[in-house]
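Q: First to last, the protein sequences are chains A and B. Quick note on the working numbering: the first sequence kicks off at 33 and runs consecutively. Quick note on the working numbering: the second sequence kicks off at -3 and runs consecutively.
If you're looking for bench data, these hints aren't it; they were derived computationally from the structure. Glycine included, each C-beta is placed from N, C-alpha and C at the ideal position. Just so you know, not all the hints are guaranteed correct.
Unchecked claim - 27 Å max Cα-Cα, derived DSSO-like pairs, lysine-lysine: (1) Lys316/B to Lys385/B; (2) Lys261/A to Lys388/B; (3) Lys264/B to Lys342/A; (4) Lys305/B to Lys369/A; (5) Lys316/B to Lys264/B; (6) Lys317/B to Lys369/A; (7) Lys317/B to Lys208/A; (8) Lys261/A to Lys183/B; (9) Lys369/A to Lys11/B; (10) Lys220/B to Lys242/B; (11) Lys291/A to Lys316/A; (12) Lys291/A to Lys172/A; (13) Lys317/B to Lys264/B; (14) Lys46/A to Lys220/B; (15) Lys261/A to Lys220/B; (16) Lys369/A to Lys385/B; (17) Lys177/B to Lys208/A.
Claimed, not checked - Listed next, the stretches of chain A that the computed footprint assigns to chain B, with coverage defined by at least 3 CB atoms under 8 Å from CB atoms of chain B: (18) 127 to 135; (19) 176 to 185; (20) 281 to 290; (21) 347 to 353.
Each chain, letter by letter, is given below.
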Amino acid sequence: MFLYYCDLAWRSIKKTPMLSMLMVLAISIGIGITITTLNVYKTMSYNPAGERSDNINSIQLWSQGLDTWDDFQSNITYTDVINLRNNNELGLKAATFRTGLAMQSDDPNIDPILESVRVTDSDFFSIFDVPFLYGNAWDKTVDSQPAYQVVIGEKLNQTFFDGQNSVGKTIYLNRKPYQIVGVIKEWNPQPKYYDPLNGAFNDAEEIFIPFLLAEQEEFDVWGNTSGWKFEPMLTYQDRLNSEKTWLQFWTFLENEDQKSQLESWLSRYVEQQRNFGRFTDTAKTPAESFQISNIELWLENNDVVPEDNKVLVGLSVLFLSVCLVNILGLLLTKFLKRAPEVGVRRAIGASRAQIFSQYMVEVGIIGFIGGIVGLLWAWGALSMLHAEFNMKESVTGLDASMWIITPLIAISTAIIAGIYPAWVVCRTKPSVYLKAQ
Amino acid sequence: MLHIKPILSSLMRSKSGPVLLLLQIILSVAIVANASFIIHERLTMMQRESGLIEEQILSFNVYNFDPAIDNVQQNVIDQQILRGLPNVIAASSTNMMPLSGSGWMDRYVDGPDQDTAESTPGFALYLGNEHLLETMGAKLVEGRNFRPEEINTQLDQNGMVAMVSQPLATAFWGDESPIGKTMYQGKQTIEIIGVIDKLQGAWVNHSNFEYSVIQNIDFGGGFKNKTYIVRALPEHIPALEETIVKAFLAENPNRVVDGFSSLIDMKKETYNNHRLMATLLSMMVILLLLITALGLTGMVMFNIQRRTKQIGTRRALGAKKRDIVNYFMVENYLICIAGGIIGGLLSLQLGQQLMSLYSLPMLPISYPIAAIVGLLVVTTLAVIVPAMKAAKISPAMATRSV
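With the rest of the complex left out, here is chain B (with noise of 0.2 Å):
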């Protein structure tokens, strides 16, 4: 029996104790779903696969400003020499680093009249050549990659390919292959050759993120702003930067070789206010459990202090000990059960509005539920230890001071 009336009668006796409790159970639910909800969010966004091999991925600009150089030649030299070092594995110029924050965004249409063709959505256009793939370590489950012929130099040259990764192939094509499918940007034709299982783009932040193309242009030419991206083993590059500055110096002084970046690095970065976010709001939540548990410990010594009598009275009258714990426990389950539910209600409200104020998605109702659950664990946590305690007095102690 667990004796809810009598304990909810004396509840209602002395209100402001309970009503305090209450309010800080309905407040610190309301918190908690939402904080822990956000968490959740930003965690499951930080552990997305980028499709890449992150660990063996370097990346570094070059920055030719002698107007002497020929940028088409030099790029095909600086990659051959690129190649040529040790415990390179590839390498290749590409216009953009995926989780970098800075790159292209386009996109094609279906059909060479601009105003009847429909426009697939915005994506990352990668430009790189037949080695790209490979320097990336990304995976392609149709198709093939660039053919060395295929490769070209300017923005405007016929005979654009294009492989496209699979998130976008989706969301344009539906379950249709798009391998063969000739796509345009303005009186330019790009055919699909080859779909890639995953590859992102630079925002981590964009709806559009897993969808990329890229086309087979060597972006070394024509362009003073280069990006090589290099493949090597974890262990080989941190060294590799030094050779690589040494061997572009020696072949031509006149530029300013840096950036250097991991790709490890770039996912750190990029991510950092989300593991910012992640980060504080856990340290809220265990706190706010923390501050909690330590005040409801708090309240329920004193109010054992305060019915020493009380429960001595009960014991002599042949109240067992686990009735004297049991009391302490529905009492303060029947706060705890009461704040849980207007909180998740309020947490609910909360939740609606920083979704209408922020870019925040709605908070399924699963997070006020589980909060209440942790809630009652703390509960029981914080309660257990004094409530024993107070099942300890001895009936004896009723009768000593009357």
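So that you can see chain A by itself, here it is in the shape it has in the complex (with noise of 0.2 Å):
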């Protein structure tokens, strides 16, 4: 019955070839639109920490004055992290920083390049699972007595060692000879969760020191660093000593046990930091003073997702109602214009169920042709992004769902469209039209 509803509905459709095709193009271009923008969103606001979204949190702190900042700021002080990577309550904590240093090989032909660097803890590895391909993460004495070790990326690797076990080896950076610990397998999650405040999409660094070596090198930082009072910052120890906040901090939770041990340690900390003259704000209590945020939450507070794509969403949502406005109209008159066919059917034996099922299934069909077509002007939209906007390929890429989504899209909105013109034909009166005949 199904097949013989497909052909009849075919056969309806090719019947009025322009009204069909006006049709799938209503809808399609409606779903080329909302697919284009519900791609972009939902690989930009994709949390790739997965199940332990939770699980790994970072700490911002209200440590600045009266009638200063409004918000929390994601990145805290110097002084802070120092504190927070000294509390032995935490399991796992790492704090981080983004740097550069310029890489040299022992090929002289080949000019320095300036790589980005993250500077971090031992830990940071295990808070964000990152795989190994060789090596390890240096020890973890490496974390209060700092040594020039260092962990390269995968690409890096590729580059300057051939892709072989290079643990052991050295590289230069800004000169000094830094010992190869490990060596990570090709690991870029996007958006970029541990520091989307540099580009949320950027890539992945490839080189990751040891956190203490900062203060003896004097790492510039490449990322923000914000002040809400006046301080000289004129040398790196002023930096170190500075209100100013320039760092991250991480740790991993396993339960919430663990988190309430962490607020009554940090609300313990803010009043100790009060009475050594921080934290000024007295319009905060302690318990105010602090934040834990979770992936998820965190990502949401760094605006991993534009305001603009957000709108787009919305607007595309709309634009898709129209078009399904556009096909209901366009379907009542087409079956309005069946009716006397309905009519005889109806006469000679057909249910109202018959029909209206029947016609389901045209409207169905037109709606998958519309799906089909959407996700054509979806791909060729964000291919159009991809080379004229420079959008990243991990946001622009079709993501896997919506070979279901689109269809499941299309054909509801068809369906939704079909019912009330399917409804009204299947009533038809068989005599009214039988009399006309």
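Could you use the hints to bring the two separately framed chains together as a complex?
A: As structure tokens, then:
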């Protein structure tokens, strides 16, 4: 029966090619636009932490003075980071910031390159579940006794060591020798959730070095440094002693108990710092002066999905609804035109349900074709975004889920648009049309 | 005569078609009004002039990683090399580039006492020497440029002077001239010596985008990472990159010279998202109008087929061709105007919603009105062809099948 309805539907579609094409065009454009914006939205709002999202937490502190910043800053001060690092109640913890260093090889023909570098602690790799190809993170003792050790990325290992196991070998950063202790497997989470502040869709760094080296090597900060009061920053030591915020701090909380333990630790910490003359905004209680953000909250607070994108998704859904109304009108037009035919069929003995389902099959087919064409539109639009606007492939690549979402939206749109016309036509009284003929 | 009454009563008799059309027009007006407002806002934003000679400006970074390099001296040598290169009109060190998305922001206060002094709004803080103004091609409207002997190399030195952009001067000092005023940063004093017509900061979305200050510090000293800005004719810019890298590495190989970008490219990159938004929304508006027009045409055509007999009868009873065309036009205008008014109200509501959720300004009433006018034009175009066709139906049609 279904196949027979399909055949009937196809004939009916062919009978009014212009009208059918108009409907397919309307639905496909609506779908094309919706899927394009939805795809960008979906890839941008993706949470790469998966089920670890609640466990991985960053800490923000209200260290600013009265009447200065209105919000928590994503970054915190060096003083706070050092104190948090010394909190032995925390299992896994890592401070991090981004810098850049010149990397040189032994080959004099290759110009030195300036590489983006992440300065962090050994726990960083466990917190973010970074996969290793060779070796491991540096030893925990390096976090308290700095050593010139480095973890490099697979790509860099390919360029400089032909992809061989390079653990134990040396690379030069700013002319200093660093010993390789680990090579990580291709790892490039998008969005770059461990540091969305410097471009949420930038690539992950290929070089990781111990955090404590920062103090002696005075690494530049490749990221935001913000201050809420006047503090001259003439030397690196000024930076370290200042109230300026420029570092992130991460920890891994196994359960709620650990979280409440951290909360009470932070309350006590703020109180203690107040005694030292810090955290001067007394409008905030100690319990309000910190924020523990899991990945979901962190991504949201850092505006990983631009507002524009949300506006676009909203407008494109409205657009789709215009298409829906449009198709509804066209279908009504088309079906009413066929009322005499339906009258005859009803008179011969077709039930209302049969007429209704026959027309719904036709609508479904139009929706399906519209969906496929719409997917092509979306694919074209996404390629255009990639080529014309330098949008990252990770954002403009058609998400796998779209292959299911698109036909689903397309067919349900068509069916919503089709129910009323099909219902009207199946209620046709046979007598009216038999009389006219 | 427009004969609105019979048209209305015929509309009331078969409601579903007109109601759908009404709904479509309501939604279209709401979308088109809001989308075109956002488009207009973005285009205005992108058209703001930077005040610089954009097509002549190239910038790049130098990263000296050799600990043996004396940064202050190297900076002087490097700028001499740049000025000595063929086709280079002017060159200077700087700490940041306008429109680049990364830079410094700071504020001054107008008195030595931190607690009582009034603070300027936040501004982009450029550090440069006496060549920076010429290299950028920015115009001085009042006061003077730095003198070579005034240039400092460190942030904590005495004798700081500064030039401020006109919008900042107006915002803080009003009609008063800022020339000669002394500003403070901690214990340090800064004397204002000049006013620049226009100089934008690094972040195009920042509310203080037009507020800038250039202070007399040759930024290259004391920092490993330096930015240089070079002015040359547009036709010479592409070749300069290689020349500069070669000259710099010949001087000292222990450094990385990269990050070459013309101001044109920087501007394009920095406004990318706005361009994207404007493009996508324009596409949406055009497609929406297209779909609405096609749907309208389809429905009018169907109506004409259904009313062939009626039209024939009217023609037989003496209606002119013009009357038939008018009938269809008025019918659709009625729906369009009703839909337009409701849609206009809805678009204001939607605009309100967008404004409260996102950082969008309030939707001016002119946009819904323009959207309604636009839709009236589209309606006319979509209806006129089938209506003309309808008018051609011969009176004989009415009698034939009876």
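Q: Next step is simple, just say for each hint if it's right about the structure.
A: How the hints compare with the structure:
no.	hint	result
1	Lys316/B to Lys385/B	13 Å, holds
2	Lys261/A to Lys388/B	80 Å, violated
3	Lys264/B to Lys342/A	23 Å, holds
4	Lys305/B to Lys369/A	15 Å, holds
5	Lys316/B to Lys264/B	58 Å, violated
6	Lys317/B to Lys369/A	25 Å, holds
7	Lys317/B to Lys208/A	91 Å, violated
8	Lys261/A to Lys183/B	14 Å, holds
9	Lys369/A to Lys11/B	16 Å, holds
10	Lys220/B to Lys242/B	19 Å, holds
11	Lys291/A to Lys316/A	21 Å, holds
12	Lys291/A to Lys172/A	23 Å, holds
13	Lys317/B to Lys264/B	55 Å, violated
14	Lys46/A to Lys220/B	72 Å, violated
15	Lys261/A to Lys220/B	26 Å, holds
16	Lys369/A to Lys385/B	19 Å, holds
17	Lys177/B to Lys208/A	48 Å, violated
18	127 to 135	holds (count 3)
19	176 to 185	violated (count 0)
20	281 to 290	violated (count 0)
21	347 to 353	holds (count 5)
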